[in-house]
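2 protein chains.
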Amino acid sequence: MGGDFAPEAAVKGAVMALDAIGAESRIVLFGDEQQIRAVLASEGCPAERFDIVATTEVIEMGDHPAKAFQTKSNSSITVGFGYLARGGIDGFASAGSTGAMMVGSMYAVKPIDGVIRPTISSLVPTASGHPALLLDVGLNVDCKPEVLAQYGVIGSIYAETVLGIAKPRVAVLNIGEEETKGNAQTKATHELLKAEPRIHFVGNVEGSHIFSGKVADVIVCDGFVGNTVLKMAEGLYRINKALGGGNAFWDAMNYENVGGTPVLGVNAPVVIGHGCSSPKAIRSMILSTEQVVKAGLTAKLRQAFQN
Amino acid sequence: MGGDFAPEAAVKGAVMALDAIGAESRIVLFGDEQQIRAVLASEGCPAERFDIVATTEVIEMGDHPAKAFQTKSNSSITVGFGYLARGGIDGFASAGSTGAMMVGSMYAVKPIDGVIRPTISSLVPTASGHPALLLDVGLNVDCKPEVLAQYGVIGSIYAETVLGIAKPRVAVLNIGEEETKGNAQTKATHELLKAEPRIHFVGNVEGSHIFSGKVADVIVCDGFVGNTVLKMAEGLYRINKALGGGNAFWDAMNYENVGGTPVLGVNAPVVIGHGCSSPKAIRSMILSTEQVVKAGLTAKLRQAFQN
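In order, the protein sequences belong to chains A and B.
So the first sequence is numbered by our numbering: it starts at 1 and just counts up by one.
So the second sequence is numbered by our numbering: it starts at 1 and just counts up by one.
Everything labelled a hint here was simulated from the structure, so no lab data went into it.
Watch out, some of these pointers could steer you wrong.
Pairs involving identical chains hold if they fit within one copy or between any two copies, as the list cannot separate such chains.
[To be verified] Capping the alpha-carbon separation at 30 Å, the derived lysine-lysine pairs in DSSO-like fashion look like this:
#1 181 with 294
#2 294 with 241
#3 280 with 194
#4 241 with 300
#5 241 with 110
#6 67 with 294
#7 241 with 144
#8 167 with 67
#9 72 with 300
#10 194 with 72
#11 72 with 214
#12 181 with 110
#13 214 with 194
#14 187 with 294
#15 144 with 280
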């Protein structure tokens with residue numbers, strides 16, 4: 001029931017995902033059963049291809065996330081997180097209230113022991129053809145260097161496990177290549193990551209190389225900077241599209257192809273979609289969630305942070 | 001003598017600028033007189049069209065900026081700043097060592113009384129056709145809100161005086177439109193700018209609207225963020241160009257058309273060019289320097305900060 005075009009876009013996207021999802025995977029739809037069945041019927045898709053969990057409430061964009069998560073206990077987001085927390089599903093994705101999705105991530109599935117602050121990340125396209133993982137993209141601002149250093153480890157595990165990159169190149173987003181460049185936060189983060197034996201740290205990456213793919217597979221930054229980078233990319237994508245400059249690089253920048261924003265560092269796969277998600281965007285989001293589940297990312301992260 | 005292709009590119013660019021510079025303006029060339037005259041001859045340009053001040057030394061990119069500025073007292077940058085400080089010239093531009101240019105700005109012409117920290121800025125193209133002024137773009141990181149609030153005033157005066165925008169819209173680069181969004185720095189800056197009577201403050205601008213032109217003419221941000229925005233734009237420009245997506249918007253992103261980086265908040269017009277400046281870039285830089293001189297920007301800034 002999440003997103004500006006729910007439930008139509010969500011159900012249509014789920015139907016579209018059937019063509020690519022693994023034979024052993026099953027999509028569970030949480031929402032108004034009647035509406036779900038109506039969309040499936042209009043799509044000519046047998047309802048048996050999905051599991052449907054009927055919910056009766058909807059967390060609206062205007063609702064206070066934490067309050068709504070608790071009081072609307074029969075909303076698709078709250079019920080979904082209940083299933084996720086007790087293992088009824090393996091991963092949860094929604095284009096609904098980002099705030100409520102974060103409340104569910106933090107209070108229902110909870111941060112992994114040892115992770116100071118979970119993060120939201122984004123895959124960005126690069127000119128090399130392989131995406132890079134940028135984190136944090138807006139959950140945490142004024143990050144302590146210790147938090148950013150953990151993002152280097154989390155991102156490296158994601159890139160290795162989910163994207164299949166051996167020895168991913170981890171870098172700190174900075175305003176110079178030299179070690180001594182940057183603000184207090186990035187200088188300290190650089191020091192910590194340099195001493196981190198579990199990752200392949202390549203030093204600083206400048207803004208000019210976020211999208212070149214030449215320097216890093218995993219780019220660590222404060223949520224303020226990451227959010228600005230992401231929104232700036234979206235803005236330039238829109239300008240470029242309006243000007244008619246279509247090509248594979250800019251197409252990959254389209255949020256519909258990105259697959260949502262993974263919440264990393266919590267005890268189960270959670271992916272948050274754009275509020276205005278189209279069916280195509282929902283399809284990408286479901287498939288990227290399946291990818292994280294299949295890769296066993298959560299177990300790998302737990303292992304890395306257990307001490 | 002500054003820049004990777006000096007003095008050829010500098011002299012050629014100066015010759016190119018003659019076609020657009022005002023009848024009452026005069027370009028003064030600081031550098032190796034013999035080399036300057038040789039390039040002018042090869043360009044078929046009479047040397048009388050310029051004033052030439054012969055210098056014998058060159059501050060190299062590898063030199064320590066502050067030391068070189070002092071010890072190489074007959075370098076084009078040091079001599080040029082001498083002329084600027086005592087009014088022998090009205091504005092100074094160079095594609096040479098950025099560090100030495102900043103040393104000259106801070107110690108030869110000095111900050112304007114009342115300006116806490118001078119800033120470097122950049123004009124960015126927007127989809128609306130009018131450029132926006134972004135500041136700071138890398139001189140000051142970990143900026144105090146008081147410093148950023150002054151950048152709002154400085155940027156507003158620049159936009160009004162030099163760009164001819166009446167009541168320029170001033171905004172804080174932030175990760176949300178709402179007043180309560182952001183990090184500690186941007187929230188405090190927002191408060192200060194809201195209370196600033198000398199500017200037309202429009203609130204926050206998100207990364208998605210830096211290049212749309214829809215929200216702001218002057219965008220205030222910490223130098224870390226501004227530098228990242230600028231370098232990211234350069235990187236995307238290069239990717240876009242390699243993919244063949246040429247159009248007026250992206251052409252305007254080309255540093256050759258930008259006209260260099262004005263140093264704002266010091267007692268004379270100073271413009272710093274890209275180290276790899278081509279003749280075309282030098283031409284733009286000279287013309288943008290002339291524009292700042294003609295607009296009487298320094299006097300307007302002095303007036304604003306005198307109490």
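Okay, the hints, checked on the actual structure:
{"no.": "1", "hint": "181 with 294", "verdict": "neither (39 Å within a copy, 36 Å between copies)"}
{"no.": "2", "hint": "294 with 241", "verdict": "neither (34 Å within a copy, 38 Å between copies)"}
{"no.": "3", "hint": "280 with 194", "verdict": "neither (40 Å within a copy, 41 Å between copies)"}
{"no.": "4", "hint": "241 with 300", "verdict": "neither (39 Å within a copy, 40 Å between copies)"}
{"no.": "5", "hint": "241 with 110", "verdict": "neither (39 Å within a copy, 45 Å between copies)"}
{"no.": "6", "hint": "67 with 294", "verdict": "neither (33 Å within a copy, 59 Å between copies)"}
{"no.": "7", "hint": "241 with 144", "verdict": "neither (37 Å within a copy, 37 Å between copies)"}
{"no.": "8", "hint": "167 with 67", "verdict": "neither (42 Å within a copy, 42 Å between copies)"}
{"no.": "9", "hint": "72 with 300", "verdict": "neither (33 Å within a copy, 58 Å between copies)"}
{"no.": "10", "hint": "194 with 72", "verdict": "neither (46 Å within a copy, 38 Å between copies)"}
{"no.": "11", "hint": "72 with 214", "verdict": "neither (47 Å within a copy, 38 Å between copies)"}
{"no.": "12", "hint": "181 with 110", "verdict": "between (36 Å within a copy, 24 Å between copies)"}
{"no.": "13", "hint": "214 with 194", "verdict": "within (19 Å within a copy, 42 Å between copies)"}
{"no.": "14", "hint": "187 with 294", "verdict": "neither (36 Å within a copy, 41 Å between copies)"}
{"no.": "15", "hint": "144 with 280", "verdict": "neither (37 Å within a copy, 44 Å between copies)"}
Consistency with the previously given hints fails for numbers 1, 2, 3, 4, 5, 6, 7, 8, 9, 10, 11, 14, 15, ordered from lowest to highest.
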